[in-house]
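Engineer: Now for the letters of each chain:
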Amino acid sequence: MSNKTTIALLGQPNAGKSTLFNALTGMNQHVGNWPGKTVEKKEGSFTHNKKEYAIADLPGSYSLTANSDEEVITRDFIASGNADVVCILADSSQLERSLFMLADYAGITVPCFLLLNMADIAKEKGKNIDVKALEDKLKIPVVLLSANNKKEYKSFYEALEKAVTNKTCLDSSRLEDAYSNLEGYNELKAMIPEGVISNYSSSWIASKALENDSVVLAKLENTMSADDYKKVDDIRNAVQGAVLTGGAKFAWIDEILSGAVDSKKENVSLGKLDRIYTHKFLGKPAVILTILLGLIMSFIPAIPIMGVGMAFGSLRVPVAEALTSIGAPDVIISLLCNVVIQSLAFICQMLGFVFGVTLIFGMLEEIGIMARVSYVFDNTMAKLGLQGKSVMPFLVSFGCTMGGTAGSRVIENWGQKVLTIALAWAVPCGAAWSVVPMLSTIFFGNGVFVVIVAILITMLLHMWITAKIFGRGLVNAENKYGMIMELPPYHKPKWGALFRYVLGRTKDTFLRVVTVVMLVCVVFWLLSYSFVEGSEPILFRIGTAIEPVTKFFGMSWELFMAFIASSVGKEGALGVIGALYNGQNFSGAFYEAMGGGGVAENLNELLAANVSKPQALAFIFAITFNMPCVVALASTYQEIHSAKWTAKIAIYYTVVALILAMIAYHVGLLIW
Amino acid sequence: MRLAELNENKEAVVSALSGDNRFISRITSIGLTPGCKLSVVKNDKNRPILVYSRDTMIALNRKECEGIEVTEVKE
Ligand SMILES: Nc1nc2c(ncn2[C@@H]2O[C@H](COP(=O)(O)OP(=O)(O)OP(=O)(O)O)[C@@H](O)[C@H]2O)c(=O)[nH]1
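The listed protein sequences derive, respectively, from chains D and R.
Here our numbering is used: the first residue of the first sequence is 1, the next is one more, and so on.
Here our numbering is used: the first residue of the second sequence is 1, the next is one more, and so on.
Rather than coming from a laboratory, the hints here were simulated on the basis of the structure.
There could be a bad hint or two in this list.
Stated by the list, open to error - Between beta-carbon pairs, the in silico distance windows are:
no. : chain 1 : residue 1 : chain 2 : residue 2 : range
1   : D       : Met-27    : R       : Val-13    : 43 to 51 angstroms
2   : R       : Asn-7     : D       : Met-27    : 50 to 58 angstroms
3   : R       : Lys-63    : D       : Ser-434   : 41 to 49 angstroms
4   : D       : Ser-434   : R       : Val-13    : 54 to 62 angstroms
5   : R       : Asn-7     : D       : Glu-221   : 41 to 49 angstroms
6   : R       : Lys-63    : D       : Arg-275   : 20 to 28 angstroms
7   : D       : Ile-367   : R       : Asn-7     : 41 to 49 angstroms
8   : D       : Arg-472   : R       : Lys-63    : 17 to 25 angstroms
Stated by the list, open to error - Per the computed footprint, the stretches of chain D lying under chain R, defined by three or more beta-carbons under 8 angstroms from a beta-carbon of chain R, are:
no. : segment
9   : 330–340
10  : 375–383
As the list claims (entries may be wrong) - Straight-line alpha carbon distances no greater than 27 angstroms define the calculated DSS-like cross-link-like pairs of lysine-lysine that follow:
no. : chain 1 : residue 1 : chain 2 : residue 2
11  : D       : Lys-280   : R       : Lys-63
12  : R       : Lys-37    : D       : Lys-383
13  : R       : Lys-10    : D       : Lys-272
14  : D       : Lys-137   : R       : Lys-37
15  : D       : Lys-284   : R       : Lys-10
16  : R       : Lys-45    : D       : Lys-272
17  : R       : Lys-10    : D       : Lys-125
18  : D       : Lys-383   : R       : Lys-10
19  : D       : Lys-284   : R       : Lys-45
20  : R       : Lys-45    : D       : Lys-383
21  : R       : Lys-37    : D       : Lys-264
22  : R       : Lys-63    : D       : Lys-264
23  : R       : Lys-37    : D       : Lys-280
24  : D       : Lys-127   : D       : Lys-150
Every residue gets a Cβ at the ideal spot worked out from N, C-alpha and C, and that includes glycine.
One chain only, chain R, in its complex shape (with noise of 0.2 angstroms):
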């Protein structure tokens, strides 16, 4: 599922990235690559998606994030 689909406090692994050199050159840089462990903290609608991972709060502009796939962990 795409990241934006996870609802709040959810945790998830990311799966695959899509998206131009530019998009995956920076969404790795910041690190979320596959396999990666993260948890959606707030996700509104006209609002970035908060996650949390490697230790970081990160903001994610909803367009922009449309190309990270994930795999839900359940609990």
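Next up, chain D with everything else stripped away, as it sits in the complex (with noise of 0.2 angstroms):
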């Protein structure tokens, strides 16, 4: 780390920080959760000129004061010293407001340069920037570019070795002198000794205590006599300090631009799009419709993808006759194919979605079309704690949870984001749909739509009844405020740079969710394996043992055992009922099931020989509520990287899934 240099990036939301973080960074980035909060932790590195940078995505939102911790951690990694530079972000095209986060850095001691980005739409409308005299003004270096045109990364390079060598700090004084004329600020400041925290000017910390900062204000009790912190109290009790320095800061910003920008006046309006988007009525369905269009056009990167899977899969018989030739044991043969070949297959096809979901709905981010979801469904949305873009994620799931799961990246926010996906467990994926119906006709005939439907009346519930008790962990007081959120203008996605992303992104997914499935499906092979012939396998053991349990949830031991099944994979589900009540090997059936296998033939006679409707009814839902699958398991711990809230999220399904086929089955003991 020594000689390395540590830049941060720090800049309101949509100034571009992740293209330029992206651009500069590549495939070297490590996405994790800083120590103990959720909030999500981007760093990454590059080399220039020889030199080695490490870099910071900063979290936080319009400003530093402490709202929420993604504030308190942006300000601690600055007072510690960890970053030798800190590169600010600014909008061009929107400077007056954007440029208030440079306000808000004034007079921390940090070395900083400013990034003026989206060079090109602000000469599009019009304004001009003259970056020399925002230099005088400022005293650091100011560097004017697109951030989504790596070309023009020379000046970028250059202002950064500039503010390195030069430690060039904000020049702050102009601020000082509108923050003095403002009621209380020169004696609180006076009372401020310098030092309280490192890098941090005592004229910044009488600010944010002018604007009640929390944190700022706790630190001052620590550090003052309690008379002292009382005359604090007073005064920035008698004034609205936060609106006052406000003004002072956007005055301030006026003056930095006068002379330096000239722009056209401009008429605002919505465009066609927009008038769509935000209409009444039509909002909504466009909304949805955009989605599912987003949907099916997921489907056309990912069908080859999706190929490849199959045809390795289809490997597994011709492999497992070969090997059988040859004389190989059967336990080799079974854990290579069954196991090693199967689960990889399973594993190509799923990612296939994911490209394609990731690359589809990164686009309709890029082009600013999730801002507009985020408006639209902001309402209904924030019943459960979440934002309006979360709604994608849950109809993604319909098709594949796992798709759903990728469609959540666009969520910056981590904590929402993983209660989305918690969320997005609840929707009965692709998988579900194809074993659900066909299970319900058997027994119910045509009260296969009152079996949807109650189906789908329940998955309302449960999400409801899962974001109550997910969201207090997960969604603290700052996000259950509404929306206060700057709608984007539209802009061009850049293909090249976004197609890239992608594809790193889905080689990590892919090498993470090999190891998870790879573990889960070597431990339920295991279990379902007989070792010894003649002998029944462990799981079959133990599902005969608590059969007295499961009874209670409405299940025999077959059912239980498919049930167990189905959270590795639905699709095998019918595989393994079927081979129990037929006598035979159920974990070679699973895998035929899976791999794409018909079942048995005889399923209609066997179930309906076997099963009661109440059992049925409490299987159905049992399945449908299940952890949808390994992979699915997978890809949720890819995306939120903690194993702890993957493992509860995992815990409380299965759980969940037993409970609501206890509820059916003594409803359906009660009907039948």
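With the hints in hand, could you dock these two chains into one complex?
Structural biologist: Structure, rendered in structure tokens:
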């Protein structure tokens, strides 16, 4: 670390931080969580002119005031001295507003430089920006560029090197002059010694105290005498500090910009597309239609990859035959064909879909459409503690939960992302839809429609309750407030950069998913394989032993085995039932069914003879609301990178599925 | 008057803000400070209000923006 220069990125949402970060680091990035916090941490590295740089994307929203964990993390990172230089981003097409972050930074003594992004849009809008004049006023390097055009990065590297070598500090004297005209500021500043928080000037701390910043106030309370702190309290309580300093900051920005920027006055109106999206009645249908179209489009890039997976899966039979012919032991054949080939084929097919979803919805995010989705569904989703964008992963999950999980990537807030995924699991996926109607028809004939409606109602209730249970730990008060958000202008997507990024993420997903899936599949295989000729596998013994308990949930041991198998893959559940009631080897049948093979031909009669209607209902609910599949589990882990929360969600779903089964069973007993 | 009482396509100047610390901090950091000009682009029930200010289209939850007082600017 020591000889690396560390850059921290700071900027309001949509300033282009991710674009810059991805362009600089390429594949050399790592996403994790800040220690002990529900906030995502993005780090990466790059080399320029033989010098190594580490780069951290600081979380945080529109300002540096401690409203939530994000801002506190950002401030602590700067205070800790971890950053050698801070790159502050602003949107040059909306300079006045987006320079607020710069104004909020003024008074921090870590070297910095200013990056005015979206040069292309500013030019289009007829804005002329005099970079030299800005540099003279701010005393730091200023670069004007388009972050989505890597060719323009020369000036970025120059500014970076200049800032690092000269340790350029932002000149905040004019802002302090403006502050000193505010009621209470001078008295406060006089009371605050330098060095209360390292790297933050007393003037910065005074302004934050005036703004009622809770962390700064707590710090002052600890360092000051009770009498002095009482005075601080009296001063800040007498004024509306944040309104005053906010005014001063914008006045400072105006002063900086005057003479350095000239622009044409433009008329505001919504474009054609926005008139539809924001329409009172058309908005919601338009958004749903857009998402469904996106879902369909996701299949275009997905199909070739899925094809590869399927082709790979069809190797299972010939490989098994070849191995048998050379006399390989059955254990090896089963492990290789049923676990390794089968899982890889399954993963490949799912990954194709993930690739498509990430690409298409990544593009919709880039264009700015996801922000419109947020706007339209804000009211509805806020009831669950989520943002409007969460509606997309929910809809995608009707196709495939893994796709929904991948789609949740567009949700910036980590806690809301985890909650979205946790709720998306309750949405029955394509595999459930292929099994459930068939089973229901066998038992209930035309009653299948009633069952489906009951499932959909249960889904909504499930999501609502799950949101209440998980929301507490995941979504903090800050995010429960209503939306105050910029609706960004539409951008043309950059396919090249997006494609590279998605490819990288898919590779990442693949590596992590393979580990988890293999692990689970091997365990499942160990439990279900008969190692000694004629003896029953472990799972069989456990199943029969605990039948008295599972009976309570309305499941015979055969059904319970199938339920367990359905957490690996729902398609396999029917294979397991068929085999068990036929008295065959169920693990073989499971893999057969997962590989797209048919189920037992006499399945109808088998079920009718062995399973009562209430039991069937219980089973249908159990597998519908069980963990979607092992690949969804793995991709959830990949997306939220928290083993703890992944395990919590998985256990919760298994338990809830059993509870729902029990309810369904007892309701069934009342009816039949 | 309150921001939400303003009709679509009307212009106004923010006159006062009230609310808890978090609200004040959020609303000033997105650029809506007293004295700042804005125009209402969309104001439908059950949807966030859309206002345009400082070159930016901003979506505001209805409940949140009860704390924004404005004075209408007549052309
Ligand atoms: N035309 C143009 N578009 C850009 C430029 N830089 C970024 N964009 C686009 O602006 C949008 C926002 O950029 P992001 O990089 O996602 O912004 P961010 O700051 O990371 O925003 P959050 O993810 O909300 O924190 C994306 O659609 C980018 O493709 C640029 O220089 N010119």
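Engineer: Now tell me, hint by hint, if it's right for this structure.
Structural biologist: Each hint, compared with the structure:
At roughly 49 angstroms, the beta carbons of D/Met-27 and R/Val-13 sit within the given window of 43 to 51 angstroms. With their beta carbons about 52 angstroms apart, R/Asn-7 and D/Met-27 fall inside the hinted range of 50 to 58 angstroms. Between R/Lys-63 and D/Ser-434 the Cβ separation comes to about 43 angstroms, which falls inside the hinted range of 41 to 49 angstroms. Distance hint check for D/Ser-434 and R/Val-13: the Cβ-Cβ separation is about 59 angstroms, which falls inside the suggested range of 54 to 62 angstroms.
Between R/Asn-7 and D/Glu-221 the Cβ separation comes to about 47 angstroms, which falls inside the hinted range of 41 to 49 angstroms. Checked against the hint of 20 to 28 angstroms, the C-beta distance between R/Lys-63 and D/Arg-275 comes to roughly 25 angstroms, which is consistent with it. Between D/Ile-367 and R/Asn-7 the CB atoms are about 30 angstroms apart, so this pair departs from the stated range of 41 to 49 angstroms. D/Arg-472 and R/Lys-63 have their C-beta atoms about 21 angstroms apart, which keeps the hinted 17 to 25 angstroms range intact.
Coverage of the segment 330–340 of chain D by chain R is violated. Counting CB-CB distances below 8 angstroms, 0 residues qualify, and the rule asks for three or more. With 5 residues bearing a CB less than 8 angstroms from a CB of chain R, the segment 375–383 of chain D meets the requirement of three and the coverage assertion stands. Restraint check for D/Lys-280 and R/Lys-63: the C-alpha separation of about 18 angstroms stays at or below 27 angstroms, so the hint holds. Taken as a hint, the R/Lys-37 and D/Lys-383 pair is broken in the structure, with Cα atoms around 32 angstroms apart against an allowance of 27 angstroms.
Distance check on the hinted pair: R/Lys-10 and D/Lys-272 sit about 20 angstroms apart at the alpha-carbon level, within 27 angstroms; holds. For the hint pairing D/Lys-137 with R/Lys-37, the CA-to-CA distance comes to about 26 angstroms; that is within 27 angstroms, so the pair holds. Between D/Lys-284 and R/Lys-10, the direct Cα distance comes to roughly 26 angstroms. Compliance with the 27 angstroms bound is thereby established for this hinted pair. At roughly 21 angstroms between alpha-carbon atoms, R/Lys-45 and D/Lys-272 fall within 27 angstroms of each other, so this suggested pair holds.
For the suggested pair R/Lys-10 and D/Lys-125, the alpha carbons sit about 23 angstroms apart, so the restraint of at most 27 angstroms is met. Simply put, D/Lys-383 and R/Lys-10 have alpha-carbon atoms about 30 angstroms apart, too far for the 27 angstroms limit, and the pair is violated. Of the pairs offered as hints, the one joining D/Lys-284 and R/Lys-45 holds, with about 14 angstroms between alpha carbons and a cut-off of 27 angstroms not exceeded. Straight-line distance between C-alpha atoms of R/Lys-45 and D/Lys-383 comes to about 16 angstroms, which keeps the hinted pair within the 27 angstroms bound.
For the suggested pair R/Lys-37 and D/Lys-264, the alpha carbons sit about 17 angstroms apart, so the restraint of at most 27 angstroms is met. Restraint check for R/Lys-63 and D/Lys-264: the C-alpha separation of about 34 angstroms exceeds 27 angstroms, so the hint is violated. A distance of roughly 26 angstroms separates the Cα atoms of R/Lys-37 and D/Lys-280; the hinted pair therefore holds under the 27 angstroms criterion. The suggested pairing of D/Lys-127 with D/Lys-150 holds, with an alpha-carbon distance near 22 angstroms, which does not exceed 27 angstroms.
Hints 7, 9, 12, 18, 22 from the earlier list are contradicted by this structure; the remaining hints agree with it.
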